[in-house]
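Protein chains in written order, with my numbering: chain A, 1 to 394; chain B, 395 to 494; chain C, 495 to 805.
Where hints are given, some of them may not hold.
Calculated pairs, EDC-like style, for lysine to aspartate or glutamate (alpha carbon to alpha carbon, straight line, at most 16 Å) [stated by the list, open to error]:
no., chain 1, residue 1, chain 2, residue 2
1, C, K590, A, D50
2, A, K289, A, E260
3, C, K586, A, E35
None of these hints come from the bench; they were simulated from the model. In this text the structure is predicted, and so the values were computed from the model without any measurement.
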Amino acid sequence: MSIRERLSGNEAIATAMRQIGPDVFAMFPITPSTEIPQYFAQYVADGKVDTEFICVESEHSSLSACLGAEAAGCRAVTATSSAGLSFMNEVLYVAASSRLPVVLAVACRALTGPININHDYSDSMAERDSGFIQIYAENNQEVYDNYLQAHRIAEHPDVRLPLMVCEDGFITSHAIENIELEEDEAVKKFVGEYHPENYLLKTENPLAVGPYGISAYYMEARVAQAHAMMNAKKVILDVAADFEKTFGRKYGLIEEYKMEDAELAMVIMGSSAGTAKAAIDELRKEGIKAGLVKVRVFRPFPGEEIAKAIENCKAVAVMDKSEGFSACGGPLYAETAGACFNMKKRPLMVDIVFGLGGRDFTVEAAKSVYGRLAKIAETGETGDIYTHMGQRER
Amino acid sequence: MGLKAEEINEHIAWQDLTTGCEIYEPGTSRLTKTGEWRSRTPEWIKEKCKQCLLCAPFCPDASIPVKDGKRDEFDYEHCKGCGICIKACPFQAIRWKEES
Amino acid sequence: MAYNLKEEMNKEERFNSGHRLCAGCGAGIVCRAMMRAVDENDKAVICNATGCLEVSSFQYPYTAWNDSYIHTAFENASSTASGVCAAVEVMKRKGKIDPDQNYKILVIGGDGGTYDIGFQSLSGALERGHDFTYFCYDNNAYMNTGTQRSSATPRFAAATTTPAGADSVGKKQDQKDLTQIVVAHGVHYAAQTTLFGNMKDFHEKAHRAIYTQGPTFVNVLTPCPRGWGYPAEDLIDICKAAIDTCIWPLYEVVDGEYRLTYEPKKKLPVEEFMSKQSRFAHCFKKGNEWTIEAAQQYVDKKWEDLLAKCK
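Isolated chain A, as found in the complex (with noise of 0.2 Å):
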């Protein structure tokens, strides 16, 4: 039976977090995961979890005792963002090469600068080839649902990967919304107990972990690892199967909105769909045939599905919460374009990057990117490809 409560997404997570009761948490504050780690320190206070529970200085370190307790035999987990999260850069790339599955929550915020707290995916973004399976959510029921899923994910032996579970800082971080939670027991019968094979404190044989390797080994270890990404995509679909069989709440890679006689569409992640779908339920009642791929997983990249979701289109605007500084587009349009690149049939596409640091992103806003696709599926023009939205302009 689930339980009908009312949590911020930061809740939903620390909630998770102790009914899976995972061994080790290494924290460090920062704006907005920072409740995650506070309520979960309650948990451990109040005896309600068995969890060795560490402060540590820095993100940088938070992330390498992950790792440690991870390789020593652990379910390893933390919580980050922003700065946080590029302050880990380097050893998220350790943590994914070392094949070591840590779950790590992010409440994705922007990058200085200058210094801002509020939502955009620049942090995240700047992370998409770090190695870490990426699972983006709309909600905080979403949120929830993706963390009950992390750890079996990360762990299949299939995998062997760290995945990041992505909420938007302060919109889902903390705005509080009604939210089904599942029993404790039936969360931990659903996630189950990690045993890997080897692990640091294993008496039978000792495990050495983080070797160097000479050029002869370097490349097939890392295609050894691109198959372990490609692999996560079977996986995370089998998982969200039997959550959906388990717990009644159904995802895929992608969730398709209204695609299936959509002319114009959006490409588009996180707490923005939702924005997003209120309006294309205005538009469809005008008439007009508009609808939204909402990217779930963004690593590994569902380009098959979303190039497939969108082939019948006539426009398509792909909507970038994160500025690349490419100076052609960004992240999510350039993966997008080249996933449909080599198809028969593929729509007109933009690029419009939009809401960083927080930038209110409206109904009114999205209807008017509808208008703006209705226009290049009319005359068959794109005008410019990269665009921004929202800013003032002279």
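Since the structure of chain A is already known, use the hints to place chains B and C on it.
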């Protein structure tokens, strides 16, 4: 459990590497014969040796095997020829070998 | 139990041959001695900072270690170890590992990974009080990248980033006194040692450090023949000169109490140490005599300070 270290070499396929390049056995470095690096070779003069063992802990390459409290012949497969043992010996029981 | 070299050398080797450290590298001697200080039935986990030792002792697929080993990066050996320490606690508590099995968490890094880039993670781990022993093999510079100066490089030593020249007499600053900084964290045990004699000094300090509950620290002056510029076979002479000149005093600090563990019969002038190494060669050139005087003054002052602490 993946391959043993002795089965891992520069010709195996990526599928055969251990996950994350982990190794699950002790002391596999012994498979590397660092004796090939040596340009000079220390020589143990048994008759002068008092078995004080002062040489043994100073070998950076663990190439002075000790068994039952006594040192044995150098492990020339691994000795890199640094010569620290020569100076560690108070009895001149180790010297550089005359290279022919 | 009294130190017995024979018994120590009878132990199974836990740091094996076939590693790729340079011929005559002191770090190999340190690792072997460190592992002998772990009781035979205790399982060790070595957490290693990036550096010469790491690239040499675990080059895929060859590990020199008999015990479990983890390397993650340069600056985070102590925080990685913090995670391993946490794992020991929680896995014992949850019955995932044998609660009666002794685990010894050993962290080892060079001076770069300890005095400099790893300083924050070391300080954090000391403050948190995890049960680990940190061994620093201090070879006075970044040797893995080719002898760049670190905060452990002594004043006047030439390094590739503090070369001697017409306008330079080598490094301008004195060595950071890391051991005393560690002591200031309130650890139960910290010591300085080096490689000489029958290795009794090293062994006793290492063993005491490893078998003292909580974070402990052993700073080992570890000569590097290539970086310091001396013939590899002279390692013991160099170490002996370092302690007899009091450039590297041997002492231990137990719960804040300083104890001198070696007092030279006759304190030698610093030239005895410096003249043996090409990194100080410029100090002996005409016009640079003042560098030796200055080095001597610094050593004398530090030695007196230490003696005062040991009273």
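Numbered hints the structure breaks, given as an ascending list:
3
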